[in-house]
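Asker: Listed here are the chains, written in short residue letters.
Number of protein chains: 2
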Amino acid sequence: MAKGLTKRTEDFARWYNEIVQQAELADYAPVRGCMVIRPYGYALWENVRAGLDRRFKETGHENAYFPLFIPRSFLEKEAEHVEGFSPELAVVTIGGGKELEEPLIVRPTSETVIGHMYAKWIQSYRDLPVLINQWANVVRWELRPRLFLRTTEFLWQEGHTAHATREEAEAEARQMLDVYADFAENEAAVPVIKGRKSESEKFPGAAVSYTIEAIMGDDRALQSATSHDLGENFARAFDITYQDADGELRFCWTTSWGLSTRFIGAIVMVQGDDQGLILPPRLAPIQAVIVPIWKTEEERAQVLGAAEKVMADLSGFRVKIDDREQLTPGFKFNDWELRGVPLRIEIGPRDVRNEQVVLARRDVPGRDGKSDLPLSNLSQGVGEMLDSIQAALFERAVAFREAHTAEPETYDELRRALAEGFASAWWCGSAECEAKVKAETTATVRCIPFEQPDVGGACVVCGADASEKAVFARAY
Amino acid sequence: MAKGLTKRTEDFARWYNEIVQQAELADYAPVRGCMVIRPYGYALWENVRAGLDRRFKETGHENAYFPLFIPRSFLEKEAEHVEGFSPELAVVTIGGGKELEEPLIVRPTSETVIGHMYAKWIQSYRDLPVLINQWANVVRWELRPRLFLRTTEFLWQEGHTAHATREEAEAEARQMLDVYADFAENEAAVPVIKGRKSESEKFPGAAVSYTIEAIMGDDRALQSATSHDLGENFARAFDITYQDADGELRFCWTTSWGLSTRFIGAIVMVQGDDQGLILPPRLAPIQAVIVPIWKTEEERAQVLGAAEKVMADLSGFRVKIDDREQLTPGFKFNDWELRGVPLRIEIGPRDVRNEQVVLARRDVPGRDGKSDLPLSNLSQGVGEMLDSIQAALFERAVAFREAHTAEPETYDELRRALAEGFASAWWCGSAECEAKVKAETTATVRCIPFEQPDVGGACVVCGADASEKAVFARAY
Chain A
6 MAKGLTKRTE DFARWYNEIV QQAELADYAP VRGCMVIRPY GYALWENVRA
56 GLDRRFKETG HENAYFPLFI PRSFLEKEAE HVEGFSPELA VVTIGGGKEL
106 EEPLIVRPTS ETVIGHMYAK WIQSYRDLPV LINQWANVVR WELRPRLFLR
156 TTEFLWQEGH TAHATREEAE AEARQMLDVY ADFAENEAAV PVIKGRKSES
206 EKFPGAAVSY TIEAIMGDDR ALQSATSHDL GENFARAFDI TYQDADGELR
256 FCWTTSWGLS TRFIGAIVMV QGDDQGLILP PRLAPIQAVI VPIWKTEEER
306 AQVLGAAEKV MADLSGFRVK IDDREQLTPG FKFNDWELRG VPLRIEIGPR
356 DVRNEQVVLA RRDVPGRDGK SDLPLSNLSQ GVGEMLDSIQ AALFERAVAF
406 REAHTAEPET YDELRRALAE GFASAWWCGS AECEAKVKAE TTATVRCIPF
456 EQPDVGGACV VCGADASEKA VFARAY
Chain B
6 MAKGLTKRTE DFARWYNEIV QQAELADYAP VRGCMVIRPY GYALWENVRA
56 GLDRRFKETG HENAYFPLFI PRSFLEKEAE HVEGFSPELA VVTIGGGKEL
106 EEPLIVRPTS ETVIGHMYAK WIQSYRDLPV LINQWANVVR WELRPRLFLR
156 TTEFLWQEGH TAHATREEAE AEARQMLDVY ADFAENEAAV PVIKGRKSES
206 EKFPGAAVSY TIEAIMGDDR ALQSATSHDL GENFARAFDI TYQDADGELR
256 FCWTTSWGLS TRFIGAIVMV QGDDQGLILP PRLAPIQAVI VPIWKTEEER
306 AQVLGAAEKV MADLSGFRVK IDDREQLTPG FKFNDWELRG VPLRIEIGPR
356 DVRNEQVVLA RRDVPGRDGK SDLPLSNLSQ GVGEMLDSIQ AALFERAVAF
406 REAHTAEPET YDELRRALAE GFASAWWCGS AECEAKVKAE TTATVRCIPF
456 EQPDVGGACV VCGADASEKA VFARAY
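Chains as they are written, first to last, in our numbering: chain A, 6 to 481; chain B, 6 to 481.
Bound-form chain A, shown alone (with noise of 0.2 Å):
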């Protein structure tokens, strides 16, 4: 129920934590720093987890599962990668009641204990590619957290792959991307920019980084997910060779790509609104709910015995009948609403009589929202609504996007345009440009979209020539 939800326009970060936990999708630990995610948070994570499984299954992709430690030596062995997590590790010295020997780095991600692995596992050319993801828990110490987007342990999955030429490498990193902005679009309806990173803001240790860049509510940027091509760093950091056709002994190229829990903090920003959370039919735990109205204990059997004919009808759907005793309607309606349901289904004692229920979508406030439904066309009816309510979402959020993404052509239009949203402006790639935008106004080069104008332009910053456009936020 919404205890006096705070407005999203009044204060965008209370609005959020406020939603996160009235909505039972999660909760702060007694570990500062750390969260507990909620069933109904789990469940979303686990639509989410189904979603991309399946992609990755797709694509050849198999699962397995290494260790939570690492030991302390192997993180050193790539120099940009040490110096990228130091500051974020947490430690294990006591094992077993002694101090251990060597302490062990418990993973902020597992590039050099796979690359371990992978250097034993890998001989000939015949063994590659090695093509796998783990769906595991990640430990980076987080000094300010917020629930979901910056949390000391989060949940994740991490692919990591291992070819034969630099091409397949290269290729396997823009496909997952592509898997990724396919999931953040088709499933969760968050529109995605697809790009490249910039050399600061690169993965320690990659040779190329590659993003999905979403908008949120508050015009701030979340990165949503990443995708790395390591060129043969961590192949030569860890040793992973191979004997090519012609018996000589080569590097492997590595990949990994990654998405987190921190994904759900973006479908709550990007689809909320001030009466709560609005989850996308394709990913929502509940896609619909169905509140029975009664007034007598006449009516309440007939309302409840239709109520669970409803159900019934509907078992192709995530649905849940909300037969509290002790509660009004209206009480359900907000607490549904809250929680991010996309579809209520009503049923009171004349929709009974005319054999048919009320609809009422989350995405569209009021009676605009509503619309009778003939329980003879029950399941497809409904199956048409929550399509529609999909698409809506992803319109709307296209069309935010859209709004708030200006195209400054000077630096004093640029800093006007952080201001309120994205920029997307021309970049001559130098890292004194992108150190002085972010140095005055706290927006960071997102990424440099893969798609880009033909022709070339002057650098918003330096007005030196640039041939590519960058999208420059404020980002979580």
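Misleading hints may appear alongside valid ones.
Where chains are identical, the list cannot tell them apart; a pair therefore holds if satisfied intra-copy or between any two copies.
To be verified - The list that follows gives simulated cross-link-like pairs (lysine-lysine, DSBU-like), each with its CA atoms no further than 30 Å apart:
#: 1; residue 1: K207; residue 2: K441
#: 2; residue 1: K375; residue 2: K300
#: 3; residue 1: K103; residue 2: K443
#: 4; residue 1: K62; residue 2: K300
#: 5; residue 1: K337; residue 2: K125
#: 6; residue 1: K207; residue 2: K103
#: 7; residue 1: K443; residue 2: K337
#: 8; residue 1: K443; residue 2: K12
#: 9; residue 1: K314; residue 2: K62
#: 10; residue 1: K325; residue 2: K125
#: 11; residue 1: K441; residue 2: K12
#: 12; residue 1: K12; residue 2: K125
#: 13; residue 1: K62; residue 2: K337
#: 14; residue 1: K62; residue 2: K125
Hints listed in this document are in silico derivations from the structure and should not be mistaken for laboratory results.
Given chain A, work out where chain B should sit, using these hints.
Answerer: Same frame as chain A, but now just chain B:
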């Protein structure tokens, strides 16, 4: 391929290790005591997960996720609990580059941190029961690691429930033991004895611990899953209370129950033979492997075409074609036997002509296990064969247990029996008699079975009156 696999009768422990590694179920990790679960082993675990998860959801449970790290002080709140787990803990003392004020324990199990959250979430009898399960990794420091059986980190599920009454909690603990037994017997073909643990063997902090115990191929017992009635112990330690319908504040009654990747070890040790692994069809990642057999190029095209068609017709099963070019059929037969694929489907030129395939069941070696199956009856025939293998594996395991379970009436008979299997014997229930058996034979009371004779007898150790029989065995 069976690179000189050790015979089970020669050295069971070595046979086990070779199988797990050669069949690519798991490998040793670079961190002592930890393992890597390879894709084939993980696919088996995914099927174990699916079989259990379905049963948990059917019995009204939801999944959630609780944090990896537990404040040290939490463990100390339940006296038996901290005493039991202290020697096995991994401790994080450094986080984000700084020494922590309070060290964090990497969860060995989650009663404490979940108890803390339940205390926060549960207010009224209307909030009960709380029925939550978590799929997670846990860490218990292990000095003598063995793949799957004893590893410092392992994967498991842990269910945690809270109830208004003792009776409800007790019923839940018993129900979940039934769920485990049903899963073990009907999906893994592993027959189990259901019973309760003795005082000395129960979970640290439990009121009563229930267990399913199975006999392995070397006559040792493996505790395959446990379910604990925790009484009010954790509710009192963590102040998990609720207001009953009369407004009275009461403690909840809680349970916990778990099954881990150790169960993979049970499947290997119950079903395997000297040729390798034998996987029960309901859990096997690959239920049937098609091996095409050809000599000439013309035959190759024919046979591969027929194999593809067979594969398409068996879309309801988990089937793989082994069309590797450089390997002989004989090599492939050995390879898939080692990996325990329950059914091999051979297709040669003669089979193509005769519109049939040859089935070779993994559990019956040589000619006796072979039969022809006409293509006209393919899908039904394969389904029936897989059912028959599943049933045969279970029957064989039951017969093995019966042949290796003695009913000793004297202490001398008990000692002899324990050298070669399980012993079901009268036990007076005293800790002294239990300790004596353990000291002199290394065998322990595995459980006091629920199924008991109608009349009592004389304790096999001290001769005193005994009302229950116990199952004694040496255990993993």
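Asker: Hint by hint, say whether it matches the structure.
Answerer: Here's how the hints hold up against the structure:
1. K207 with K441: For K207 and K441, the Cα distance is within 30 Å only inside one copy (18 Å; across copies 64 Å).
2. K375 with K300: within (22 Å within a copy, 69 Å between copies)
3. K103 with K443: Close across copies (28 Å), not inside one copy (46 Å); limit 30 Å.
4. K62 with K300: neither (51 Å within a copy, 33 Å between copies)
5. K337 with K125: between (57 Å within a copy, 23 Å between copies)
6. K207 with K103: between (38 Å within a copy, 26 Å between copies)
7. K443 with K337: neither (46 Å within a copy, 59 Å between copies)
8. K443 with K12: within (29 Å within a copy, 66 Å between copies)
9. K314 with K62: Intra 37 Å, inter 22 Å, cutoff 30 Å: inter-copy only.
10. K325 with K125: This pair counts as between: shortest inter-copy Cα distance 26 Å, intra-copy 50 Å.
11. K441 with K12: Answer is neither; intra-copy 34 Å and inter-copy 70 Å both fail.
12. K12 with K125: between (55 Å within a copy, 26 Å between copies)
13. K62 with K337: between (40 Å within a copy, 24 Å between copies)
14. K62 with K125: Answer is within: at 24 Å inside a copy they meet the 30 Å cutoff, but 40 Å across does not.
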